[in-house]
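K.L.:
Single-letter residue listing:
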Amino acid sequence: MDSHSQVLERLRTAFRSGITLPLEFRRTQLTKLLALVKDNEEQIVKALHQDLAKPKFETILSEVEIVTNDLHYTMSNLATWIQPEYVSKNLATKLDDCFVRREPLGVVLIIGPWNYPLQLLILPLVGAIAAGNCAVIKPSEVSSATDCLVAELIPKYLSQDCYAVVRGGAEETKALLQNRFDHIFYTGSQAVARSVVQAASVHLTPVTLELGGKCPCLIYGRINIQAAAHRLVWAKYFNAGQSCVAPDYVLCTKATRDALVPALITVLEEFYGKEPQKSPDLSRIVSARHFTRLMKLLERTKGKVVIGGQSNEDDKYIAPTVLVDVEEDDALMGEEIFGPILPILTVEELEKSIELVNRKEKPLALYVFSDESSVVKTTMENTTSGGFCSNDGIIHMALPGLPFGGVGASGWGSYHGRWGFETFSHRRACMLRGWALERFNGLRYPPYSEDKLKWLRWTTSAYSTCSL
Amino acid sequence: MERQLLQRAKEAFVSGRARPLEFRLQQLHALQRMIMEKETEISTALKQDINRSQYDTPLLELIGIENEIKLAIEKLAQWAAPRPVEKNLFTISDEVYIQPEPLGVVLIIGAWNYPWALTLIPLVGAIAAGNAAVVKPSELSECSSLLLHTLLPRYLDKDLYPVVTGGVSETQQLLRLRFDHIFYTGGSTAGKLVMEAAARHLTPVTLELGGKSPCYIDKDCDVRTACRRVTWGKFVNCGQTCIAPDYILCEPCIQGQVVEFIRQTLLEFYGADPKCSPDYGRIINQQHFSRIMSLMEGYTPVVGGQSDSSQCYIAPTVLKDVPPHSRLMQEEIFGPVLPIVTVSDMEDAINFINEREKPLALYIFCSDQKVGLTKQKTTFRLLDLSLCDSCASFYLTKAIKRMIEETTSGGVTVNDVMMHYTISSLPFGGVGQSGMGRYHGKHTFDQLSHQKACLIRSLKMERVNLARYPPQDRRRARRVRMALRSPLIDTSKRTLIWAVVATILGIGLFITLLVILLIAAGLNCTCWYWRGFYN
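Protein chains in written order, with my numbering: chain A, 1 to 468; chain B, 1 to 535.
Honestly, the hints are just simulated from the structure, not real lab data.
The reader is advised that the hints may include incorrect statements.
Label-pair ranges, simulated between beta-carbon atoms [unchecked claim]: (1) B:139 / A:327: 42 to 50 Å; (2) B:496 / A:86: 14 to 22 Å; (3) A:88 / B:272: 36 to 44 Å; (4) A:19 / B:311: 53 to 61 Å.
Partner residues are not named here, just some residues of chain A that face chain B (Cβ under 8 Å, in silico) [as the list claims (entries may be wrong)]: (5) 271; (6) 301; (7) 433; (8) 434.
Ideal placement from N, C-alpha and C gives every residue a C-beta, glycine not left out.
With the hints as extra help, turn the sequences into a complete structure.
P.N.:
Below, the structure written as structure tokens:
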């Protein structure tokens with residue numbers, strides 16, 4: 001097994017040789033990545049079932065389809081994205097060529113998490129390959145079956161000189177981060193993110209952080225409660241609540257809550273049957289450690305369980321659970337839940353809910369359910385979050401046209417589609433001047449005079465402006 | 001004290017008054033007035049700080065700031081508006097767009113070499129994006145720093161845009177606090193410390209750092225004009241510019257010419273004794289003066305070399321045949337000392353550049369061989385017609401193209417120096433050790449905004465959604481896959497062209513068919529032409 005520095009040396013040599021630059025190479029690698037996902041769909045389903053008891057439908061949708069969509073989107077647009085972007089100029093530079101080139105950064109590091117172990121590792125990789133970089137990929141050891149699968153498949157399909165998989169736990173990741181990369185893409189928790197940025201600062205490596213947070217879900221105004229309940233339940237209990245963009249908690253009035261809870265009961269039964277543990281469509285908690293964490297939250301909460309609450313340690317199963325009468329200072333409100341537990345806080349006014357949300361850290365996503373557009377508009381304009389979706393959950397991240405990323409404590413940077421390409425590119429400003437008009441240049445040379453200055457002011461401040 | 005200022009700025013931001021476009025425009029207009037009304041005071045401060053000539057100040061700083069403000073005022077509504085994006089089948093009836101939003105309180109740490117431009121241009125973007133900003137000018141340009149501290153509260157909102165003066169310890173205090181973005185201009189060493197401090201609060205950073213910007217002069221180009229342009233770029237502000245050409249790379253056969261042309265140009269610009277020229281600056285302080293002088297130790301300059309520590313004066317100096325591993329070639333010079341390193345050819349120059357850290361700027365002087373196309377291009381350019389990419393690439397000679405493609409840098413200017421800084425539509429920033437992030441014009445606005453992804457759906461048409469809910473089966477799964485497929489329409493150029501051509505052909509065929517049918521049916525057309533014809 002190569003050491004980290006050997007792997008990096010190999011990748012740097014490959015990058016320096018320029019092999020990743022031509023469009024055909026990038027296209028070929030992306031095509032191979034597409035084949036990797038398509039050919040091995042069954043194994044992917046199996047691995048994810050092993051790791052998270054993820055149902056086949058969820059795997060196809062959230063691990064296979066989203067990746068193949070992004071690959072198709074990237075491949076059909078890459079030729080356009082690579083083109084130099086010509087920009088507007090001022091009078092002084094009218095005869096010059098001014099454009100922006102997208103250039104690869106070099107060798108990038110992609111660290112994936114365990115909740116969507118394939119998607120959150122491969123989607124950044126798509127952007128990295130499209131931008132012409134080499135990449136070190138570090139899957140999460142917590143989702144061990146997928147970790148094995150990725151380590152086996154990537155070298156089989158992609159160029160081994162340009163893309164390498166590095167496996168290991170926290171210690172190995174720390175050691176890996178001591179090395180110098182040209183960009184680090186990290187998906188995971190805030191605590192680890194701090195040490196990633198600190199390690200990056202030693203080499204002045206730019207980072208993209210896809211973190212999490214408590215995604216609030218506000219339900220106010222006139223509302224079709226059945227439809228809202230369907231979408232809320234789907235978004236919340238998808239992957240057993242282990243999604244960075246899952247609605248973490250609900251804020252609504254007492255009346256809405258009283259209508260919502262029975263609707264939730266109906267929908268949960270519709271989705272998972274009377275005994276959710278037996279349903280093939282519900283995932284499990286990823287590890288014993290997280291299971292214990294969630295059970296402790298349930299023990300410490302002062303809220304009242306109105307749906308679910310059952311659990312089975314051996315199976316790492318927690319029933320879809322809903323609690324009411326949860327206050328702002330509750331244990332469940334202290335950290336990102338990341339599990340199938342939904343607290344409902346009762347706040348009578350929308351404005352007070354917005355204030356509550358704004359008191360907390362900026363979330364990765366914010367949801368509003370309402371049939372009244374004024375409610376949606378007010379919430380959107382008075383809060384901030386990585387992404388915003390009204391009357392649905394999670395689905396905004398399936399659109400490759402939208403940038404997916406956080407703000408504040410939920411992260412910085414973004415990706416998906418063109419945004420991934422831009423994240424892993426350097427936008428190099430290029431100006432090609434001619435040799436002619438040297439007399440014109442004379443305006444800026446010493447010895448200076450008032451006249452020269454007047455001319456310069458005029459020529460450099462035409463409607464497409466400039467500085468200098 | 002810093003904590004209180006930050007708290008006040010935060011409260012002012014949370015109150016929402018920085019958000020409306022009218023407020024932002026009002027603040028930008030006020031900043032514009034400040035620059036126009038106080039030009040004399042600013043020039044005086046800069047003269048005291050760095051012996052900047054009264055013409056260099058507007059040229060190098062004020063015109064730039066004014067243009068950025070004008071652009072922001074003109075384009076603000078456009079920049080702040082929602083930006084629609086493409087949808088898939090599933091979201092076809094929804095609103096999908098990106099909404100730029102302010103981040104909160106931004107910390108702007110300025111530099112001393114262009115104390116006004118490097119502090120106020122980021123501030124323009126911060127204001128335009130609707131943020132509050134704590135401005136920390138560099139203490140090394142003391143007069144400018146104090147003047148800014150006095151002036152800014154007189155023109156802008158006192159709570160939203162406080163100025164903090166002070167040195168290293170005040171900056172360290174500020175860096176312990178939590179901001180929503182830190183915009184730092186300065187050296188790489190301090191840049192690392194800024195990023196490390198920002199890591200504690202997971203604050204994103206923009207770092208505008210420096211490096212050694214190489215300047216390659218090809219033997220076949222117009223060396224005289226090249227040297228004029230390089231001389232201007234190198235010695236303006238006494239070499240204290242982050243994008244100044246740090247060193248020259250050229251072949252030994254033209255080294256003598258290069259030295260001679262630079263000497264002649266220096267005479268033309270600053271006279272026989274640059275110390276007496278009102279247009280030549282000084283080194284900012286003793287510490288930097290000593291630093292630059294020590295870099296030259298052991299080398300005999302071929303031009304200049306004189307100095308006067310009492311005035312922090314170093315004459316415009318050129319050294320030739322500088323060894324690549326000398327101290328002069330290890331750190332950014334940031335002074336009026338220009339080493340020439342010889343290389344055997346362009347390939348050697350490319351390797352030399354790539355062996356070193358990625359610079360903030362790269363300069364290439366090379367002749368345009370394809371003169372024939374220039375006239376045609378001139379007409380196109382004047383009419384501001386956008387040329388197709390393939391036409392434009394003809395202009396890029398093989399040599400220039402190769403040098404650009406085989407190297408990397410923050411930015412490139414070919415056949416001149418520093419000019420890529422002057423176009424606000426070009427993103428200005430570094431890569432690798434020369435920095436991260438970019439700004440100028442709309443780029444500053446985007447850098448200091450959060451691009452919020454928005455999907456506005458309705459609760460109607462729930463039946464369509466039913467396919468994605470459990471319990472799941474193959475038929476439902478297929479329907480969902482179809483609905484989420486992207487791209488909905490393949491909008492790549494090739495497909496678009498085929499689509500347009502196919503549509504035109506289709507319409508043409510349809511019209512032909514119609515005409516044939518009409519004639520065959522022997523109908524009396526309303527077309528007078530045909531009537532006339534048959535009559």
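K.L.:
May I ask you to test the hint 14 to 22 Å on the CB atoms belonging to residue 496 of chain B and residue 86 of chain A?
P.N.:
Since the Cβ atoms of residue 496 of chain B and residue 86 of chain A sit about 19 Å apart, the hinted range of 14 to 22 Å holds.
K.L.:
Are residue 301 of chain A and chain B close enough, Cβ to Cβ, to be under 8 Å, as the hint says?
P.N.:
With a minimum Cβ separation of about 27 Å from chain B (threshold 8 Å), the hint on residue 301 of chain A is violated.
K.L.:
Regarding the hint that residue 433 of chain A lies at the interface with chain B, is the smallest CB-CB distance below 8 Å?
P.N.:
Result: holds, 4 Å to nearest chain B Cβ.
K.L.:
Using the C-beta atoms of residue 88 of chain A and residue 272 of chain B, is the stated range 36 to 44 Å upheld?
P.N.:
At roughly 43 Å between Cβ atoms, residue 272 of chain B and residue 88 of chain A fall inside 36 to 44 Å, so the hint holds.
K.L.:
Indicate whether the distance between the beta carbons of residue 139 of chain B and residue 327 of chain A respects the range 42 to 50 Å.
P.N.:
48 Å, holds
K.L.:
Take the shortest C-beta to C-beta distance between residue 271 of chain A and chain B; is it under 8 Å?
P.N.:
4 Å, holds
K.L.:
Min Cβ distance, residue 434 of chain A to chain B: is it shorter than 8 Å?
P.N.:
This hint holds: residue 434 of chain A lies near chain B, its Cβ roughly 7 Å from the closest one there, short of 8 Å.
K.L.:
Looking only at beta-carbon atoms, does the pair residue 19 of chain A, residue 311 of chain B fall within the given range of 53 to 61 Å?
P.N.:
54 Å, holds
Checked against the numbered hints listed earlier, the structure breaks hint 6 alone; every other hint is satisfied.
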